[in-house]
Every structure is written in C-alpha cells, then in structure tokens.
Amino acid sequence: MVFTVPLWVWAFLVAGAGVGFVSAMFGVGGCFIMVPVMIFMFTGFGCPLDVAVKVAFGTNLAVVVPTAIIGAKMHMKAGKTKKFPFNLWKGLGLGAGVGAVLGATITSYAPGWIMKILFGIVCLIGAWRFLTAKPKPAEEIPSLSMVKGFCWGFIAATFAAFIGIGGGLVYVPLLNLLLGFPMHLSILLSLAMMVVSSSIGSISYMFYGLQIQNLKNSIFPPYSIGYFNYGAFLTLGLTSAAFSVLGAVVSERTRPKILRICLGLLYVYIGLKMLGLPI
Numbered sequence: 001m002v003f004t005v006p007l008w009v010w011a012f013l014v015a016g017a018g019v020g021f022v023s024a025m026f027g028v029g030g031c032f033i034m035v036p037v038m039i040f041m042f043t044g045f046g047c048p049l050d051v052a053v054k055v056a057f058g059t060n061l062a063v064v065v066p067t068a069i070i071g072a073k074m075h076m077k078a079g080k081t082k083k084f085p086f087n088l089w090k091g092l093g094l095g096a097g098v099g100a101v102l103g104a105t106i107t108s109y110a111p112g113w114i115m116k117i118l119f120g121i122v123c124l125i126g127a128w129r130f131l132t133a134k135p136k137p138a139e140e141i142p143s144l145s146m147v148k149g150f151c152w153g154f155i156a157a158t159f160a161a162f163i164g165i166g167g168g169l170v171y172v173p174l175l176n177l178l179l180g181f182p183m184h185l186s187i188l189l190s191l192a193m194m195v196v197s198s199s200i201g202s203i204s205y206m207f208y209g210l211q212i213q214n215l216k217n218s219i220f221p222p223y224s225i226g227y228f229n230y231g232a233f234l235t236l237g238l239t240s241a242a243f244s245v246l247g248a249v250v251s252e253r254t255r256p257k258i259l260r261i262c263l264g265l266l267y268v269y270i271g272l273k274m275l276g277l278p279i
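The sequence shown begins at 1 in my numbering and counts up by one.
Calculated directly from the structure, the hints in this document are not laboratory data. Note that this is a predicted model, so its numbers are computed, not measured. All C-beta atoms, glycine included, are put in the ideal place defined by N, C-alpha and C. Keep in mind that the hints are not guaranteed to be accurate.
[What the hints assert, rightly or not] Quick list of in silico lysine-lysine cross-link-like pairs, DSS-like style, CA-CA up to 30 Å:
hint, residue 1, residue 2
1, Lys148, Lys73
2, Lys73, Lys90
3, Lys216, Lys148
4, Lys77, Lys90
5, Lys83, Lys148
6, Lys73, Lys83
7, Lys90, Lys148
8, Lys77, Lys148
[Said to hold, decoys possible] Label pairs and their calculated CB-CB ranges:
hint, residue 1, residue 2, range
9, Leu13, Lys83, 29 to 37 Å
10, Thr132, Thr43, 16 to 24 Å
11, Trp10, Ser218, 20 to 28 Å
12, Leu234, Ile125, 24 to 32 Å
The whole structure should be built from the sequences, with the hints applied where relevant.
Encoded structure:
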C-alpha cells in the first residue's frame, strides 16, 4: 500500500517555510504568503469565499504566534538586545490585545470579498514599504508611557486583526519611524506584540466562527474549529517555526537588500492577484 501525501499538505509546508523566514527576517507576520495560499486551498475544498477568507485570517494569526516567539528569542540571542524591554512592551502589548479583539469582531461580520480586496491593497502597501522604506537611524531608546503605549498598540492591532495580518507591517514602522526606536529594538517589540495580538485575535476568530459553524458546518473546510483550521495550523506552523530561526540569524548578520526587493515584488504580485487582476 502506497501512502500519498495530499497536495494541500505540501502546499502548506512550503508556504510555512517562507512565512517563518520572512517573519523573523523583517519582523513581520509573513501573512502575505500564507493567507492567499489558504484562501486558494479552502475554496478548492468547496468552501465559500466569505468563510475561506475568515478561516484564513484566523488560522494565519494562530500560526504567527509560535513563529513570533521563536523569532523574538533568536533576535535576543543573536542581536543587541539581551534583556527583554518589558517597561516598553507592557503598554503596547496590552493595547495590542484589546485591539485584536475589536479588529476580529469587526471582520467576523464583514463580507469576505471586501476583506479580500482590503488584504490585496495592504499587500501593495507592504510592497511599497519593502521597496522604498529606509529604517530611521536611532541610537537612543526613547521613553514610552503606559498610556501612550496602550493607545498606539490598540490602534495598530485593531487594524492588523481587521485585515487578518500578524501586524508587523504596522508595528515596525510605528515603532521605528513614529516612536523613534532603533530598528533592531523595533523588530523585537513588533514580534512580541504579535504574540499577544495574534493569539487573542485568533481565539476571537475561532469564537465568532463557531457560532456560524454550529448552523452551517458543511460550508467550512475540513479540520476547522470556527474560523480556525488546525490542519493548516499544524502544517504551516511546523516549517514556519523552523525557518524563523534561520530568518532571525540572517536578519541580524546581513543587509538583505536583494531579498527585500524580491519580497516587495512578490507582494505586488500577490496584491494584484487578491484584487482579482488577470496577471
């Protein structure tokens, strides 16, 4: 008897490898690879677009959590920050947690096709950032009050959970360009914020999805618990966590200009495909 591995398993394993490397390399969630792959596979299972998008969002946030944890630890081990800055993170983390609940709540009641278009637009914004953005040089670490950190974390995480991304695309520019933190510290704080916002956001998606699944289970892809798919989580998470180690090490030791350009172009392609353009 020959054991055949389903195509979706291979697709998720390969996508997870790219997600893990990109996440730790740039301090972003890697969702621009993961979400389109999941939407494509879930709709291939016969799942309606509205549900496929929301399951992809909820599962994406869950995969971000272990990847971000490993990425943050590797940054502290290989980089300049050996002691985690809890005094800076506590306000940001608390705000990110509350914002993630609000963002997931809004998306759970929004039409899936609108979220797909918004995701495509954010992909193009992400491409612009990677192709043109220059890190703000900063040596001194500015102060950040609990209230200010909470407000910025809340705003950033609400938007991130609303469009189903880990939040690095929002967090890193916020921390570096707006709040003035050094880039290496911005990436570390971004990953730590993603642990909070993505875990809470994913649980929120699962909760809202269960309410629909109890009524219409047949429209959900196999291995789903609400707007969370544990089949995709396990396969994506496996290679994502493994390759996040490599991404963190490379990020600390090189200037990935060529990789950044290639990644930006990939984001352009994915963004245009998500918008439904024939490319």
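Now for the hints, and whether the structure bears them out:
1. Lys148 with Lys73: holds (26 Å)
2. Lys73 with Lys90: The hint holds at about 17 Å.
3. Lys216 with Lys148: Measuring from Cα to Cα gives roughly 42 Å; hence the hint is violated.
4. Lys77 with Lys90: holds (21 Å)
5. Lys83 with Lys148: Holds, at about 22 Å.
6. Lys73 with Lys83: holds (10 Å)
7. Lys90 with Lys148: holds (11 Å)
8. Lys77 with Lys148: Holds. Lys77 to Lys148 sits at ~28 Å (cutoff 30 Å).
9. Leu13 with Lys83: 29 to 37 Å: Check passed, 35 Å falls within 29 to 37 Å.
10. Thr132 with Thr43: 16 to 24 Å: violated (33 Å)
11. Trp10 with Ser218: 20 to 28 Å: holds (26 Å)
12. Leu234 with Ile125: 24 to 32 Å: Given about 30 Å between the Cβ atoms, the range holds.
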